[in-house]
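Whole structure, please, built from the sequences with the hints as guidance.
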Amino acid sequence: MEIILENNGFFLHVKNGLFEAGNKQNKQSFHPEKVECIKVAKGGQMTTDAIFLALEHTVEIIFVDHFGNPKGRIWNNKFGSIATIRKKQVLFAQSMEAIFWISNIVIKKIKNQHSFLGQLIYSQIENPDKKILDKLNRMTVVEKQIKQMIIDEIPPHFATLRGWEGTVARIYFQTLSDLLPQKYQFENRSGRHAKDIFNATLNYLYGILYALVEGALIQAGIDPAVGIWHADEYNKPVLTYDFIEPYRVWADIVLVRLCLANALNESDFVQNQKSIWLSGKAKQTVTLTMQQYLDEIILQNKIYRSRKQHLKMDANALAQKIMKHEPKNGL
25 MEIILENNGF FLHVKNGLFE AGNKQNKQSF HPEKVECIKV AKGGQMTTDA
75 IFLALEHTVE IIFVDHFGNP KGRIWNNKFG SIATIRKKQV LFAQSMEAIF
125 WISNIVIKKI KNQHSFLGQL IYSQIENPDK KILDKLNRMT VVEKQIKQMI
175 IDEIPPHFAT LRGWEGTVAR IYFQTLSDLL PQKYQFENRS GRHAKDIFNA
225 TLNYLYGILY ALVEGALIQA GIDPAVGIWH ADEYNKPVLT YDFIEPYRVW
275 ADIVLVRLCL ANALNESDFV QNQKSIWLSG KAKQTVTLTM QQYLDEIILQ
325 NKIYRSRKQH LKMDANALAQ KIMKHEPKNG L
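Using my numbering, you'd call the opening residue of the sequence shown number 25 and step up by one each time.
Treat the hints with care, since some could be wrong.
Claimed, not checked - In silico DSBU-like cross-links for lysine-lysine, where the CA-CA straight-line distance does not exceed 35 Å: (1) LYS348 - LYS332; (2) LYS348 - LYS111; (3) LYS112 - LYS352; (4) LYS132 - LYS111; (5) LYS168 - LYS260; (6) LYS348 - LYS326; (7) LYS305 - LYS51; (8) LYS135 - LYS168; (9) LYS305 - LYS260; (10) LYS207 - LYS155; (11) LYS51 - LYS332; (12) LYS168 - LYS352; (13) LYS305 - LYS207; (14) LYS58 - LYS332; (15) LYS305 - LYS135; (16) LYS171 - LYS135; (17) LYS348 - LYS171; (18) LYS95 - LYS305; (19) LYS219 - LYS48; (20) LYS305 - LYS66; (21) LYS352 - LYS326; (22) LYS66 - LYS336; (23) LYS132 - LYS159; (24) LYS154 - LYS207; (25) LYS171 - LYS132; (26) LYS326 - LYS345; (27) LYS326 - LYS171; (28) LYS305 - LYS336; (29) LYS154 - LYS168; (30) LYS135 - LYS154; (31) LYS336 - LYS132; (32) LYS66 - LYS39; (33) LYS39 - LYS332; (34) LYS326 - LYS159; (35) LYS135 - LYS352; (36) LYS135 - LYS298.
To be clear, the hints were calculated from the coordinates, so they are not data collected in a lab.
Structure follows, in structure tokens:
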């Protein structure tokens, strides 16, 4: 369970050993053992008693901006494992094994995009024309090219990989837009300064995923700041940007379902000269829909778990891969 505090005037404190959260009109109590995470935006108050109760029960507190992006977090002072994994992580990040790991990450992302787009096409069009089918085929071709790639050196490989991934992304989002109701269609995918309903909502949903992925990596004992594919940036969890790629489609699916249900309107957004973003009420709808999707039980790798738990298991699998890594130079 997550406690989400984003509306102006919210409070979070402790009463009778429970979290009590809400505002003047409405409040609710939560047992700390049932809470996984507390997300906090600007405009409210939180007591130190609530913070200490969260620390005591290893409940993560994440501070988010109005786009839903994590800006900071309060966590207990323990990683999910001994420091050995983070020492090995630096060596792993510079290895050929890491390049193959990233290649598989991109392949999984393309497979997921192709699968979702194919399902969406055939659910709306009984006999898709050649132009649409050609787009799906082009995505498959790129996937096969990555599989067949002979990896020589890191820089040219990553440059090629970024080019192919970008090509697939353009095909994917252009086709996705064409399949949406007109009021949700968009010209281009924009990660910053969104100008339309689709991009603004998708950025918010990706923010939810960023927070989940970063937390899963930390719990697994991995340092989110030591990236592989995405270049190192000051104070940026770049490994989060690597790891998240196959899971972005989860946010895409949730948003497309909302669009097809006509659940978002222009009145649900706040706008300035640079961009638009979700208002408080719409955030609640979008967040609840996303959480329900993440909590659904699915079969993956012959195991039934929620999507959220599968993601955490994948983070643990990466930690095990890093721990087993043995540098050839003996470092």
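Now the hints, each set against the structure:
Our distance criterion of 35 Å between C-alpha atoms is met by LYS348 and LYS332, whose separation comes to about 25 Å. Distance restraint check for LYS348 and LYS111: the Cα-Cα separation of roughly 12 Å lies within the 35 Å cut-off, and the hinted pair is therefore satisfied. Only pairs whose Cα atoms come within 35 Å are accepted, and LYS112 paired with LYS352 is accepted, the gap being roughly 13 Å. As the CA atoms of LYS132 and LYS111 are separated by approximately 27 Å, the hinted pair is consistent with the 35 Å bound.
With a C-alpha separation of about 32 Å, the suggested pair LYS168 and LYS260 falls inside the 35 Å cut-off, and the hint holds. Using a Cα cut-off of 35 Å, the hinted pair LYS348 and LYS326 holds, with the two alpha carbons roughly 23 Å apart. For the suggested pair LYS305 and LYS51, the alpha carbons sit about 16 Å apart, so the restraint of at most 35 Å is met. Restraint check: the Cα-Cα separation between LYS135 and LYS168 comes to about 11 Å, which is no more than 35 Å; the hinted pair holds.
This hinted pair checks out: LYS305 and LYS260 have alpha carbons roughly 29 Å apart, not beyond 35 Å. Between the alpha carbons of LYS207 and LYS155 the distance comes to roughly 23 Å, so the proposed pair stays at or under 35 Å and holds. Using a Cα cut-off of 35 Å, the hinted pair LYS51 and LYS332 holds, with the two alpha carbons roughly 27 Å apart. Between LYS168 and LYS352, the direct Cα distance comes to roughly 29 Å. Compliance with the 35 Å bound is thereby established for this hinted pair.
Between LYS305 and LYS207 the alpha-carbon distance is near 20 Å, which keeps this suggested pair within the 35 Å criterion. For the hint pairing LYS58 with LYS332, the CA-to-CA distance comes to about 15 Å; that is within 35 Å, so the pair holds. This hinted pair checks out: LYS305 and LYS135 have alpha carbons roughly 34 Å apart, not beyond 35 Å. Among the hinted pairs, LYS171 with LYS135 is consistent with the structure: their alpha-carbon atoms are about 12 Å apart, no more than 35 Å.
Only pairs whose Cα atoms come within 35 Å are accepted, and LYS348 paired with LYS171 is accepted, the gap being roughly 24 Å. For the suggested pair LYS95 and LYS305, the alpha carbons sit about 21 Å apart, so the restraint of at most 35 Å is met. A C-alpha spacing of about 34 Å is found between LYS219 and LYS48, which places the hinted pair at or below 35 Å, so the restraint holds. Simply put, LYS305 and LYS66 have alpha-carbon atoms about 15 Å apart, close enough for the 35 Å limit, and the pair holds.
At roughly 33 Å between alpha-carbon atoms, LYS352 and LYS326 fall within 35 Å of each other, so this suggested pair holds. Using a Cα cut-off of 35 Å, the hinted pair LYS66 and LYS336 holds, with the two alpha carbons roughly 28 Å apart. At most 35 Å may separate the alpha-carbon atoms for a hinted pair to count; LYS132 and LYS159 meet this at roughly 18 Å. For the given pair, LYS154 sits about 26 Å from LYS207 by alpha-carbon distance, which is consistent with the 35 Å threshold.
For the hint pairing LYS171 with LYS132, the CA-to-CA distance comes to about 11 Å; that is within 35 Å, so the pair holds. Between the alpha carbons of LYS326 and LYS345 the distance comes to roughly 20 Å, so the proposed pair stays at or under 35 Å and holds. For a cut-off of 35 Å, the pair hint linking LYS326 to LYS171 stands: about 24 Å separates their Cα positions. For the suggested pair LYS305 and LYS336, the alpha carbons sit about 29 Å apart, so the restraint of at most 35 Å is met.
Pair hint LYS154 plus LYS168 holds up; C-alpha atoms about 21 Å apart against a cutoff of 35 Å. Restraint check: the Cα-Cα separation between LYS135 and LYS154 comes to about 20 Å, which is no more than 35 Å; the hinted pair holds. The suggested pairing of LYS336 with LYS132 holds, with an alpha-carbon distance near 17 Å, which does not exceed 35 Å. Only pairs whose Cα atoms come within 35 Å are accepted, and LYS66 paired with LYS39 is accepted, the gap being roughly 22 Å.
Proposed proximity of LYS39 and LYS332 is supported: the alpha carbons are some 29 Å apart, at most 35 Å. Distance hint between LYS326 and LYS159 is fulfilled; the C-alpha atoms sit about 31 Å from each other, no more than 35 Å. For the hint linking LYS135 to LYS352, the alpha-carbon distance of about 32 Å falls within 35 Å, and the restraint holds. Taking the CA atoms of LYS135 and LYS298, the gap is near 34 Å; set against the 35 Å cutoff, the hint holds.
Every hint, counting from the list given before, is met by this structure.
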